[in-house]
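S.K.: So the chains spell out like this:
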Amino acid sequence: MGGNRWRRALPPAAALAVTLLAWQAACVLFRIDPWLLPDPWRLVRYMADEASLLWWHLEYTLGLALRGMLLGSAAGVLCAVLFHALPAVRAALSPLIVMSQNVPLIALGPLLMVWFGFGLLPKMILLVLVCFFPVAWSMLAGLQHAEPKLREYLAMIGASRRQTFWRLELPASLPYFFSGLKLTAAYSFSTAVVAEWLGSGRGIGYFLVLQSRGYKTTGVFAAILCIVACSLLLYGLAAGVERIGLRRLRPGAERVKGGGAA
Amino acid sequence: MSGLQGSPGGSGGTPWKLEVVSVSKRYMRDGKPLHVLDRISLGVREGEFVSVVGPSGSGKSTLFRLIGGVERPDAGSIRIAGRDVTGQRGHISYMPQQPALFPWLTVRQNIVSALTIARVERKRAVRLAEEWLERVGLGDVAGAYPHELSGGMQQRVSFLRALLMPRDVMCLDEPFAALDALTRTRMQAWLLMQWEASRRSVLLVTHSIEEAVLLSDRIYVLGKSPATVRREIRVPFPRPRSQDIWTDPAFTRLRADILALLEGNGEHDD
Chain A
1 MGGNRWRRAL
11 PPAAALAVTL
21 LAWQAACVLF
31 RIDPWLLPDP
41 WRLVRYMADE
51 ASLLWWHLEY
61 TLGLALRGML
71 LGSAAGVLCA
81 VLFHALPAVR
91 AALSPLIVMS
101 QNVPLIALGP
111 LLMVWFGFGL
121 LPKMILLVLV
131 CFFPVAWSML
141 AGLQHAEPKL
151 REYLAMIGAS
161 RRQTFWRLEL
171 PASLPYFFSG
181 LKLTAAYSFS
191 TAVVAEWLGS
201 GRGIGYFLVL
211 QSRGYKTTGV
221 FAAILCIVAC
231 SLLLYGLAAG
241 VERIGLRRLR
251 PGAERVKGGG
261 AA
Chain B
263 MSGLQGSPGG
273 SGGTPWKLEV
283 VSVSKRYMRD
293 GKPLHVLDRI
303 SLGVREGEFV
313 SVVGPSGSGK
323 STLFRLIGGV
333 ERPDAGSIRI
343 AGRDVTGQRG
353 HISYMPQQPA
363 LFPWLTVRQN
373 IVSALTIARV
383 ERKRAVRLAE
393 EWLERVGLGD
403 VAGAYPHELS
413 GGMQQRVSFL
423 RALLMPRDVM
433 CLDEPFAALD
443 ALTRTRMQAW
453 LLMQWEASRR
463 SVLLVTHSIE
473 EAVLLSDRIY
483 VLGKSPATVR
493 REIRVPFPRP
503 RSQDIWTDPA
513 FTRLRADILA
523 LLEGNGEHDD
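Chains as they are written, first to last, in this note's numbering: chain A, 1 to 262; chain B, 263 to 532.
Next comes chain B alone, as it looks inside the complex (with noise of 0.2 Å):
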């Protein structure tokens, strides 16, 4: 991973999409300075799914807002497809932990708004929306408006939608928090196989182990405030995975290991 403080990309196996360089944050709480974010360093390759997993409070989101563009970092650079992008908006597409979508549209609706946002044509963008709401098994809702869905369908067509946006990075924050044990394990499952069918470059936050883990090809576990990268783990389990991987020793030995790290910077309060 050093080759990402210097100069990145190129120098092998696939291109980089996504990259955090020393990135620095800072707010004024109270008249007093808060140190959020300490020189974080950490990328996403093409097709890789990468995890950044910390302790509440670690920062997580203020990460997603530099790398969104909507604030900017009081030092470092934010890079997507080997441009320097700091506090510019447009780049990457998101699915938030609330579903956040639009309650006076329809699930069609609200994809292909998404969809128009990143300028992709109406009619093509109608067109994606019905062909992949199909294929993922949501045809059905297609016309329904989201207070008529589960909190587990609403996350679903919010993938989607981050899913058929034509951006670099997908930034997945905490996308299963809000759920219920059983339907976080069910969305966990149908994640997994959307994304190995997909391959888009994505960075996801969360603080389940089990979760990080699960999904991704790397982790970063962050420190806690100001929050620094403690250690970037590869996660050895092949591709296609499923949630089996929960009863491998080795899983529960590179879940104890995380934890370890966690725990390492003081309390984690979860």
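Next comes chain A alone, as it looks inside the complex (with noise of 0.2 Å):
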């Protein structure tokens, strides 16, 4: 098991390391300027060197998508059951839900920044927009494709619509549930990143544009290393709570969507 890791490992972990070779290589053969294309050596040293500055931006936009996700699994899930108990309200929102999700954010964050001001709250609305849109999906799929044959069981011994839904439909959502986690914390950091662009002192997409607008392609480079390692953070962090979550929640069934019997 262990040494079967380790050999899946390897052939993506070789040829990272021959990227970053060839990389080298290339802008030392070639003398490929700074600004135009730094190579690794020069970026790591950066890193090292502005830790403590990265880490300033980063920590702020970590908290942002952090509450982002937090606020918009939490408004996925009252979505997906209000969605699940009352389907005619589902049937009249859910095409708008669907419309808002297709409004590129380019175009909608400004318009939540003349709304809203350039503080906390459009951000805030942004991230929640596109926080709870995989959530609350996911979730309702999971409640609704609850086991067919448990459904009847309960119905035949009788069990209240209520009984229903927190002894099936609940337990039987939350692979679902945690399916849409792990997606919303994919997109969740490099959310912030475009509500920082759109007006912000602090964080990383901040930090981006800065650079960016200066030339400095070495920083521009640091910032997407560090927006990629955070959001498979975040990303990782989702995958250890969904582990754990259906362990607890469910135990003797993780393997098991949407609640077959074994």
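Treat the hints as calculated values from the structure; they're not laboratory data.
Errors might be hidden in some of the hints.
With beta-carbon atoms standing in for the labels, derived distance ranges [to be verified]: (1) B:A443 x A:P11: 47 to 55 Å; (2) B:V332 x A:L93: 28 to 36 Å; (3) A:S100 x B:R386: 45 to 53 Å; (4) B:G349 x A:L93: 52 to 60 Å; (5) A:L93 x B:H297: 49 to 57 Å; (6) B:G401 x A:A141: 13 to 21 Å; (7) B:P295 x A:V89: 30 to 38 Å.
Here are the simulated DSBU-like cross-link-like pairs (lysine-lysine), alpha carbons at most 30 Å apart as the crow flies [what the hints assert, rightly or not]: (8) B:K385 x A:K216; (9) A:K149 x B:K294; (10) A:K149 x A:K182; (11) B:K486 x A:K149; (12) B:K486 x B:K294.
We put the beta carbon where it would ideally sit given N, CA and C, even for glycine.
Taking the hints as your guide, dock the two standalone chains into a single complex.
M.R.: Right, dumping it as structure tokens:
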């Protein structure tokens, strides 16, 4: 098992190493200017030197992304439960919500700023709008696709709607909820970065804009690396929460999606 | 059985627990009406084991959905313990063809959960579950999850769950149809033993004649679409019974009679 994992990690690690070496070699051999393309070694040194500045920005963005994730998932769960309980509301609102997801963030952001100013509020609204959707839609699917055999059983023994929700639909939707949460985690950090473009005095997105306006390509690359790393971190966090959550909330059924009998 | 058509119960013997009175049901399928049940009347007395045998597609599942109150009949009524409960849920306990155990609950929790839906107080439900799991030899798996159990074991848990619900009638819907022949035979013997010890009022739907004869006091033979009660048969074998009756000449005759009744109504696709 352990040996297998290492064997699987080897090819991508090797590919990464080869890419980095080729990159470094190209920069040195062709004497590429750093403002055009910084070499990996320069990047590493830059990031080490500017670690505290980068962290100061990252801290802010991480906070923003985490709050957006939490609020967005909460809104998503509420929305899913509401739509599930009231199909009429779902029928009325779901086209609107799906349409709202197609409005480009770059268009929506400035509008939110016009309406709500430059503070935290428009950024949070943007984040929640992006983060709630995967959770809501995924969980709604989970609530509605609970194992039909179990649904029929509960109907036959006369379980109420509320009992059916708590005993079947909600536990059956948990794996779907966590799938949605992982998706949200993957989006939340880059959305926070976009939110910061729209007016902010701190955050890795703000830093990115500054560096790119000054043609400080090394800084831009550093910011990109940080953003990718943090997005992965948040995804990993969500995956960890999923594992622990499923193990604690649905023991014995970790591998069973939707609640099928073994 | 004519007592059922008019005003049943009271007139002699033990009272009726379940009465299905002249129930009809049709569905619209592809724009055409499909007549599933045609004036079905049957009943289960207190402490009686009754089977409904019919060819596949004879509306047996529909019958159960009507008794369970999940659907309403177009005509006729369902009475449980003397009260008209047509279209009302929560009066029966139920053992489906597939065990329908909740995969995220242990065996014990599965039983407790069902009992609390039947308004058994939680502490009492836990006590009942523990006590009965021990009594039927499932004490070791009380804390196990359903997927850790074999199909036969899962059905035992499912039966126990139905047995412990304080409801007037137990409805068993082809409970052994999905099991292999050997497990099925064992489960029939096990069920027979458990039932003879508890004497609940049971309605079993099956398409296995042997199973019906082995377990039942009475058998209703259904004809095919629309299903009608073709005959009501009293099973003559004394209790306690065992699978030994399968070699009895009387059993063979009874089996042939029922088979003839089933086949008399078109092809018997089984």
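S.K.: If a hint holds in the structure, say so; if it doesn't, say that too.
M.R.: Going down the list of hints, with the structure as the test:
no.: 1; hint: B:A443 x A:P11: 47 to 55 Å; verdict: holds, 50 Å
no.: 2; hint: B:V332 x A:L93: 28 to 36 Å; verdict: holds, 30 Å
no.: 3; hint: A:S100 x B:R386: 45 to 53 Å; verdict: holds, 51 Å
no.: 4; hint: B:G349 x A:L93: 52 to 60 Å; verdict: violated, 32 Å
no.: 5; hint: A:L93 x B:H297: 49 to 57 Å; verdict: violated, 41 Å
no.: 6; hint: B:G401 x A:A141: 13 to 21 Å; verdict: violated, 39 Å
no.: 7; hint: B:P295 x A:V89: 30 to 38 Å; verdict: holds, 34 Å
no.: 8; hint: B:K385 x A:K216; verdict: violated, 69 Å
no.: 9; hint: A:K149 x B:K294; verdict: holds, 27 Å
no.: 10; hint: A:K149 x A:K182; verdict: holds, 29 Å
no.: 11; hint: B:K486 x A:K149; verdict: holds, 25 Å
no.: 12; hint: B:K486 x B:K294; verdict: holds, 18 Å
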